[in-house]
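Chain A is already provided as a structure; the job is to place chain B on it using the hints.
2 protein chains.
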Amino acid sequence: MNKQPTRPRARLPRGFRDRGPDEIAAERKMLDAIRRVYESYGFDALETPSLEYTDALGKFLPDVDRPNEGVFSFQDEDEQWLSLRYDLTAPLARYVAENFQNMPKPFRRYQVGQVWRNEKPGPGRYREFTQFDADTVGSASPSADAELLMMLADTLEALGLARGEYLVKVNSRNLLDGVLEAAGVSLADAEKRGTVLRTIDKMDRLGARGVRALLGEGRKDESGDVTKGANLSPDAIERILEFVAPEKDENDFALRLAALSGIVAGASGEKGIAELSAIFRMLTDCGYGPDRIQIDTGIVRGLDYYTGPVFEAQLTFPVANEAGETIVFGSVGSGGRYDDLVARFTGQTVPACGVSIGVSRLLSVLRAREQVSEPAEKLVMILVLDKAEAAASFKLAQELREAGFRAEAYTGESGMKAQMKYADRRGAAIAIIEGSDERARGELTVKDLVLGAELAKSVGDRAEWVKEQPAQVSVARANIAASLRTIMDARKG
Amino acid sequence: MNKQPTRPRARLPRGFRDRGPDEIAAERKMLDAIRRVYESYGFDALETPSLEYTDALGKFLPDVDRPNEGVFSFQDEDEQWLSLRYDLTAPLARYVAENFQNMPKPFRRYQVGQVWRNEKPGPGRYREFTQFDADTVGSASPSADAELLMMLADTLEALGLARGEYLVKVNSRNLLDGVLEAAGVSLADAEKRGTVLRTIDKMDRLGARGVRALLGEGRKDESGDVTKGANLSPDAIERILEFVAPEKDENDFALRLAALSGIVAGASGEKGIAELSAIFRMLTDCGYGPDRIQIDTGIVRGLDYYTGPVFEAQLTFPVANEAGETIVFGSVGSGGRYDDLVARFTGQTVPACGVSIGVSRLLSVLRAREQVSEPAEKLVMILVLDKAEAAASFKLAQELREAGFRAEAYTGESGMKAQMKYADRRGAAIAIIEGSDERARGELTVKDLVLGAELAKSVGDRAEWVKEQPAQVSVARANIAASLRTIMDARKG
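First to last, the sequence lines map onto chains A and B.
With the working numbering applied, the first sequence has no gaps in its numbers, which climb one by one up to 493 at the end.
With the working numbering applied, the second sequence has no gaps in its numbers, which climb one by one up to 493 at the end.
Mixed in with the good hints, there may be bad ones.
No copy is singled out in the list; a pair is fine if it fits within one copy or between any two copies.
[Said to hold, decoys possible] Only pairs whose alpha carbons sit at most 27 Å apart, straight line, appear in this in silico DSSO-like list of lysine-lysine: (1) K59 / K120; (2) K395 / K271; (3) K447 / K421; (4) K105 / K387; (5) K378 / K29; (6) K447 / K417; (7) K417 / K105; (8) K192 / K228; (9) K202 / K120; (10) K378 / K395; (11) K395 / K421; (12) K271 / K248; (13) K202 / K228; (14) K29 / K447; (15) K378 / K421; (16) K29 / K248; (17) K447 / K105; (18) K202 / K220; (19) K271 / K169; (20) K169 / K202; (21) K105 / K378; (22) K271 / K387.
No lab work stands behind these hints, which were simulated from the structure alone.
If we strip away everything but chain A, and leave its shape as in the complex, we get (with noise of 0.2 Å):
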């Protein structure tokens, strides 16, 4: 028998993270602008739980009675496999298949949530996290993928970055598939399929030097690793490489989708040609350019369910991490058609497509930005001295907290050295201080915390203005309330 220890270790799981006000402040005023935007676009809020079971969330391993590793999951009571939500779009799948008769079609929801996935966590990557999506289910048209991406440009917008700061970048499934068809490759065979994909998928980071190595003969990287090759003929290798990068990088919808026209082949080909067209008629009839939404041939997305359209977003400013080096910050959004996600459920195929924005890797380029920062309401401590006369400075507290302010009176047990220290710790504003002598002649002390580094930091006429400000001073206790608000505000000046 493994007994526990008789005192646990106060500590956090691996991969999850404790959140303060100033970060918990921002994300609330994030969320606040995606929902605006959303909701003006139509969408209603759906909520489902944090738990599904797990055949519902499609993450059974195949031909085992085991959920698949990558997800949190427990077996209920009644012996059922329950997981942890890893995304907000299986969820709704099961509630779409679940409701589908009493819904208004198409189905416009958005959700935002929290995530997780058992994965190893690592810098900057956590196991729970919030996403904000929003889907159109039982729509086919082009319509529905299109305003998905006018959508996130406004969103990303709303959410300050200017026009320039971010692209959302497009393609197509099928168009993929068209390449590979126009190269030989079967998509019957999934394998080669996939590796081609997964290869295309690196063009960013190898370049067409090592995207052209890995569709030959294979790729030896700056350590020495081999990676075998899909072992396509030159042909097959340039179809592809002029697919995915073309010589001349050319914005223009209209130019671009004509380009590509005479790349891909079949059925698939035709079909992405038809659905990116219609799409960028959309987008240029709307006003939406190429200065905010572009073809990019580079984009698969890993998931296996998208069918169509495919885009994500991208920032086009460096990121630093937290050690400062400029990174690869990769998609803060990103989405596409997925027609097949109801039908594992009831059979049918119901079209749909959807766009999701990873609010916590978002936010934290917002942050350090500071494009997202909410200044935190000030802080008036009260001051306790007296403890026999505490209940004087909580009747205050109440005053000052219906007169609008946030105001606390000192609950702990330390003296006054200590509680100037815990008001500073705090961040307060005003520190009101209530002596003896100064109760007797109706009189308050308040004292201002934000002088001291107002005097230290400023220069020229404001160093002179703060000068003259008392750091303290003596206020009636009947106009306590107005006397604080003149001082506030003209700190603000």
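Below, chain B alone, put in the same frame as chain A:
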């Protein structure tokens, strides 16, 4: 090998639920209101992960290497047990123990989030729900307890409950131990102490007669089942009943405490009287009287970890369940002092007290009274009659969104009749139709979807007014935003 069926059935796990836009909007409004009050008292936001190590939650069964069945638990890849949090207090204790050196003291945080219970679900009893907690850690001062009571009352009023519609009821674990001591029940006899406390907890349900029987030889309920009694002496029983069900129900704090101090005994009794005296002196000085906060010696609170004052907020008005039957609704918020939670990790006693609001429970009551309904912004639905011209509809939707409307162009593939039905299903206020004749004239048809319902239900002057409004008007495309604003504002009139 137990093969999975090829097609899973789409179904919610038992005890979980999906939630729609109205409830989500109402909850968001409710959470904002609670947050504003908690923040105004100087509490700062903290967020801990959904998962914690099972030992950190204190949820290993004694002497076995297996988690308590009441929590959802699974093993990490390194064999450590993780559990979904079942409340927000145990993660707080972990956080405080882990970060004690670097935090301001007292540490005051609030947290809102879901908690999970692996328990048998029932009507209105879910296995995932939301709590909103605030705690002061590192203060033994009764002012910290008093403040939570005032804040709970303020919060319930901020949520729309009138004074008198709720009561915050306070007791003390020490007072309970004091009456046990007076009744000759040894505090060292954990079993007997537990039996007596559970019996006191049933006062509301069983009344004095039932409690008297259970404290004595036992009780036969309506079904004939016999519950064993605590076998206390008649004197001891009368002493406890005098405590828990006084002949004269005295609401004046001072008089009630004076009466209680004559009943309880021992060091615990003294401590309980001193605690409640200090708390109620503070409440009185701050203007919180028995119309908001009262002593109730029947309050026990089930959790083992409370060590001092305990309290809960109850609704005073009848609440109906889904079947329309009036039910005893129980507590909507509760809390108390727990001085030993952090010591579990560090060995060091850290005095703490907290309050928790059962958001999901309270939300259901407030929604039934329509006190947190958040009127959804009405949708403007733009029909798409000519697919080749769909982009014009989407461009119009963009313009309307920029003008501040919630606007959606139809993304489905059905005809006009189905589109009108869809607009109804979505609760749209307005449908906009652009026929080819109109397009030639630069006009749009604006159809008022609310008017039919208005006509049916309006009486008197308003009926006259409504009749004069045309249900459908032609509007110049160039002035559409201004015209829509006029129409929608008039509808509110």
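Outcome of the hint check:
1. With identical chains, the CA atoms of K59 and K120 are at most 27 Å apart both within one copy (18 Å) and between copies (25 Å).
2. In this assembly of identical chains, the alpha carbons of K395 and K271 lie at most 27 Å apart only when taken from different copies (25 Å versus 72 Å within one copy).
3. Taking the closest pair of Cα atoms, K447 and K421 come within 27 Å of each other only inside a single copy of the chain (13 Å); across copies the shortest separation is 64 Å, beyond that limit.
4. When the C-alpha separation of K105 and K387 is checked against a cutoff of 27 Å, the pair qualifies only between copies, where the shortest distance is 17 Å, while the shortest distance within a copy is 65 Å.
5. For a Cα distance limit of 27 Å, the shortest separation of K378 from K29 qualifies both inside one copy, at 18 Å, and across copies, at 23 Å.
6. Within a single copy, K447 and K417 get their C-alpha atoms as close as 14 Å, which meets the 27 Å cut-off; across copies the closest is 69 Å, which misses it.
7. Only between protomers do K417 and K105 lie at most 27 Å apart by alpha-carbon distance; the minimum there is 13 Å, versus 65 Å within a single protomer.
8. In this assembly of identical chains, K192 and K228 lie within 27 Å of each other by CA distance solely inside one copy; the values are 12 Å within and 73 Å between copies.
9. Only within a single protomer do K202 and K120 lie at most 27 Å apart by alpha-carbon distance; the minimum there is 22 Å, versus 49 Å between protomers.
10. Within a single copy, K378 and K395 get their C-alpha atoms as close as 19 Å, which meets the 27 Å cut-off; across copies the closest is 44 Å, which misses it.
11. Taking CA atoms no more than 27 Å apart as the test, K395 paired with K421 passes inside one copy only; the shortest distance there is 22 Å, against 58 Å between copies.
12. In this assembly of identical chains, the alpha carbons of K271 and K248 lie at most 27 Å apart only when taken from the same copy (24 Å versus 84 Å across copies).
13. Within a single copy, K202 and K228 get their C-alpha atoms as close as 14 Å, which meets the 27 Å cut-off; across copies the closest is 73 Å, which misses it.
14. When the C-alpha separation of K29 and K447 is checked against a cutoff of 27 Å, the pair qualifies neither within a copy, at 31 Å, nor between copies, at 36 Å.
15. Taking the closest pair of Cα atoms, K378 and K421 come within 27 Å of each other only inside a single copy of the chain (16 Å); across copies the shortest separation is 51 Å, beyond that limit.
16. Taking the closest pair of Cα atoms, K29 and K248 never come within 27 Å of each other, the shortest separation being 41 Å inside a single copy and 53 Å across copies.
17. Taking identical chains as interchangeable, the C-alpha atoms of K447 and K105 lie at most 27 Å apart only when they sit on different chains, with a minimum of 20 Å there against 62 Å within one chain.
18. For a Cα distance limit of 27 Å, the shortest separation of K202 from K220 inside one copy, 15 Å, qualifies, whereas the shortest one across copies, 75 Å, does not.
19. In this assembly of identical chains, the alpha carbons of K271 and K169 lie at most 27 Å apart only when taken from the same copy (19 Å versus 68 Å across copies).
20. Proximity of K169 and K202 under a CA criterion of 27 Å is satisfied intra-copy only: 15 Å inside one chain copy versus 64 Å between copies.
21. Taking the shortest Cα distances, K105 and K378 sit within 27 Å of each other only across copies (18 Å), while inside one copy they are farther apart (48 Å).
22. In this homomeric assembly, K271 and K387 come within 27 Å of each other (Cα to Cα) only across copies, at 18 Å, whereas the closest approach inside a single copy is 78 Å.
In the structure shown, a violation is registered for the earlier hints numbered 14 and 16, in ascending order.
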